[in-house]
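Spelled out from the first residue to the last, the chains are:
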Amino acid sequence: MKFTKTAIISRKGFQPLPERLLLKNARLVDPVAQMDETTDLVLEDGRIASLGPIDAQGFQGEVLDLSGKIVSPGWMDLHVHLREPGREDEETIESGSLAAANGGFTALCCMPNTDPPIDSQEIIQYIKDRSADLLVAVHPIAAITKKREGKELSEILELVEQGAVAISDDGSPVMNAEVMRRALEYTKMVGVPVIGHEEDVTMTDGAQINEGFVSTCLGLRGWPTVAEDVMVARDILLAEYTGGRFHVAHISSEGAVELVRQAKARGVQVTAEVTPHHFTLTDEAVRGYDTNTKINPPLRSEEDRQALLQGLVDGTIDVIATDHAPHAFEEKEAEYIYAPFGIVGLETALGLCVTELVQTGLLSWTQLIEKLAVNPYRALGLEPPRIKPGHPANLTIFDPEAQWEVNPARFLSKSRNTPFGEKKLTGKPLAVINQGKMFFSTL
Amino acid sequence: MFSRKHLLGLDGVAQEEIISILDTARSFREVLERPIKRLPTLQGKTVVNLFYEPSTRTRISFELAEKRLSADIVNFSASASSVKKGETLIDTVRNIEAMKIDMVVVRHSSPGAAHLLARVLNAHIINAGDGGHEHPTQALLDMFTIREKKGRLDQLTVALVGDISHSRVAMSNIYGLRTMGARVLVCGPSTLIPRHIEWLGVEVYHNIDEIIEQVDVMNILRLQLERQRRGLFPSLREYHNYFGITRERLERATRPILIMHPGPMNRGVEISSDVADSEHSVILEQVTNGLAVRMAILYLLAGGKSEIH
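Residue numbers (my numbering), protein chains in the order written: chain S, 1 to 443; chain H, 1001 to 1309.
One should not assume that every hint holds.
[To be verified] Restraint ranges, calculated between C-beta atoms of paired labels, are given here:
#1 S:Q262 x H:G1231: 25 to 33 Å
#2 S:Q262 x H:N1095: 51 to 59 Å
#3 H:N1207 x S:Q262: 35 to 43 Å
[What the hints assert, rightly or not] Pulled from the structure, derived: some chain S residues nowhere near chain H, Cβ distances all over 10 Å:
#4 A49
#5 E88
#6 A132
#7 S172
#8 R221
#9 G222
#10 R234
#11 V313
#12 R378
#13 P408
[Unchecked claim] The calculated lysine to any residue pairs, modelled on SDA-like cross-linking and capped at a C-alpha distance of 20 Å, are:
#14 S:K332 x H:T1088
#15 S:K332 x H:A1118
#16 S:K332 x H:K1150
#17 H:K1005 x S:S67
#18 S:K423 x S:P408
#19 S:K12 x S:E88
#20 S:K332 x H:R1119
#21 S:K332 x H:R1029
#22 S:K151 x S:G171
#23 H:K1067 x H:S1109
#24 S:K414 x S:A137
#25 S:K332 x H:R1094
#26 S:K332 x H:L1121
#27 S:K332 x S:A402
#28 S:K332 x S:A409
#29 H:K1150 x H:K1067
#30 S:K146 x S:S95
#31 S:K437 x S:R130
#32 S:K332 x H:D1023
#33 S:K423 x S:A402
#34 S:K332 x H:K1005
#35 S:K151 x S:R130
#36 H:K1045 x H:S1109
#37 S:K332 x H:E1248
#38 S:K332 x S:W365
Keep in mind the hints are simulated off the structure, nothing from the lab. All residues carry an ideal CB built from backbone N, CA and C; glycine is no exception.
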């Protein structure tokens, strides 16, 4: 293959990954190696061949000039709702994976609240079959309990053997402390974390938004932060007692962040994730009753948001995950109290992270990439991808300076339920490479 | 001047707008005393009363106000839960609007329902109560009644008593009265006072006897039994003993207190009969004034200017 100078901006969608590809002048950031340097990277047959300056003129293969762009190990979204099986009108394994690739992710974990739920090896196999040829690696999270009812443990050993990377009843908190205790104990045999949707539902019956001044003004029933805090406290104590691994899904309150901070200091095996919407917006966004602000857990107060940012900075919060929750247009276009909870997040995550965390000086690129490409894997007990010769090419490439406006019509997700339409963001996904495939973002 | 397209709530409505509504309502109040109470103001206009929640007095009051102004009227009542399973609210109202209507009066259990309609329809929207959010025409008729009786709204102390947490009447009264310069107290069990309500400029009390000496007006809110089932108070008996407004309690006041209630009343719970029927009670006058206030709002939204006749 002869040398071709490629205008990368014009590329969209899937492109054949050349046998030999030179990523020229790329800023390579690999937190595991504590690497942050601008140099050249050569990919060969879908693997990383070499790092270091290469003369493009003499290079046998294709060249991408990545001046000003960042190349990171591929990102993983630990918290995605793919809706298949059950609600394929809202999202499918394929469309959700495309949305992930479009947003800069090369891996995702899908939550088990599908219909039927991921509580049997058949459903795990179905997901693995449906995702086998995709660029984005799809890792199923299995239900903690059969039918996600919070009563009897699902067949966790078998589900993990089939490929489940964690267990969670996400969307339905495990209210029975004894069940949660046994789940944390049982999973120790296979080393996967129990992911908790932390909500004491006895305190949130009919709740719509965060309980506070805004809920008072809008007359919407409040979801108090303490309903999250009591469950985080309980599950931290259970993890401490059992020695199990506990991961807090979509942490949203100041109190919960402090509980995790203290637990980590005591050596409890606890990790936590936060969503971009929780560290970007507050319940003030609900004024006007846009149902795309209806999310569980709800958007919180500015004090909570500040605590989330602090938790990201000091490492209390390990992971940024989107809680991508697609919903049909007609279901969201409804009265506030009847609209379903949740927003899509895969295609706005990168821009929100760069705008809210890096542009503001809170996180370095290394810290941000740690929370997107390294810690999600580690929370699951998996090895993160690397930028290292010999390793498979699993890469996220993005433009840290690009300014753009969110246009939901460009999303590849089947759903458009986002509160960020027309928001101006800095930082835009450019391309992802994984499984011998290359995809250029259409955003 | 009041020149809005919709009346969705009193949050953000300016003092001069409220005065304009109340002054216009006074003119209509006079019309209601005439032998022929009908005006041609809304002739040729069609008003839809869209009630997704059961209502007797508000619905009748709006209907009568519309009839007094010679509007054509369409009534649509449905339980929100039954509608939820079928056609969406937006489809329903778009269908109705396609029949060329001019105004929609909407009562709905979801906060923000009137805002939703204002976003998708071209018609004028009047909020007749949206869940626990606002009930602006009720607060306007309450303010009208206070102003007629006391001659002013500023420099008065008005207490809202009872279940503040679930009361759209309380919220609209707080917004309106604060804008008009009244001092507003809320008094009720701590489990029925919403978080940070004091940020709206009201004072919070939990003891009726403490406020009796201070207030010019008491607006007593309806207590719903459902709150007991949700564990927000232990019993009607205890509620009545500690928060019920009785003649015995009122006798401790050194000046007359205007007694108001948006209805329907639970006699013997939040208000005793001897108070409801006392010389200080203006509960039935509120109902009459409600008609005048709703006529004023329909008139102003339809583009009417200050002077009528």
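Please work out if S:K332 and H:L1121 have their alpha carbons no farther apart than 20 Å.
-> holds (17 Å)
Does the Cβ pair H:N1207, S:Q262 satisfy 35 to 43 Å?
-> holds (39 Å)
Between S:K332 and H:R1029, is the straight-line Cα distance small enough, at 20 Å or below?
-> violated (43 Å)
Is the Cα-Cα distance between S:K332 and H:R1119 20 Å or less?
-> holds (14 Å)
Quickly compare the C-alpha distance for S:K332 and H:K1005 to 20 Å and report which way the hint goes.
-> violated (26 Å)
Please settle this one: S:P408 was flagged as non-interface, so is its CB more than 10 Å from every CB on chain H?
-> Answer for S:P408: holds, closest chain H Cβ roughly 17 Å.
Taken at face value, is the distance from the CA of S:R130 to the CA of S:K437 at most 20 Å?
-> holds (17 Å)
10 Å Cβ clearance of S:R221 from chain H | With a cut-off of 10 Å, S:R221 comes too close to chain H, as the shortest Cβ separation is near 8 Å.
Decide if the proposed pair is consistent with the structure: S:K332 and H:K1150, CA atoms, cutoff 20 Å inclusive.
-> violated (47 Å)
Would S:R378 pass as off the interface with chain H, using Cβ distances and a cut of 10 Å?
-> S:R378 clear of chain H: closest Cβ-Cβ about 38 Å, beyond 10 Å.
Please work out if S:K12 and S:E88 have their alpha carbons no farther apart than 20 Å.
-> Violated - the C-alpha atoms of S:E88 and S:K12 are around 25 Å apart, more than 20 Å.
With a cut-off of 20 Å on the C-alpha distance, tell me whether H:K1005 and S:S67 pass.
-> violated (54 Å)
Comparing the model with each numbered hint stated earlier shows that hints 8, 9, 16, 17, 19, 21, 23, 27, 29, 30, 32, 34, 35, 36, 37 and 38 do not hold.
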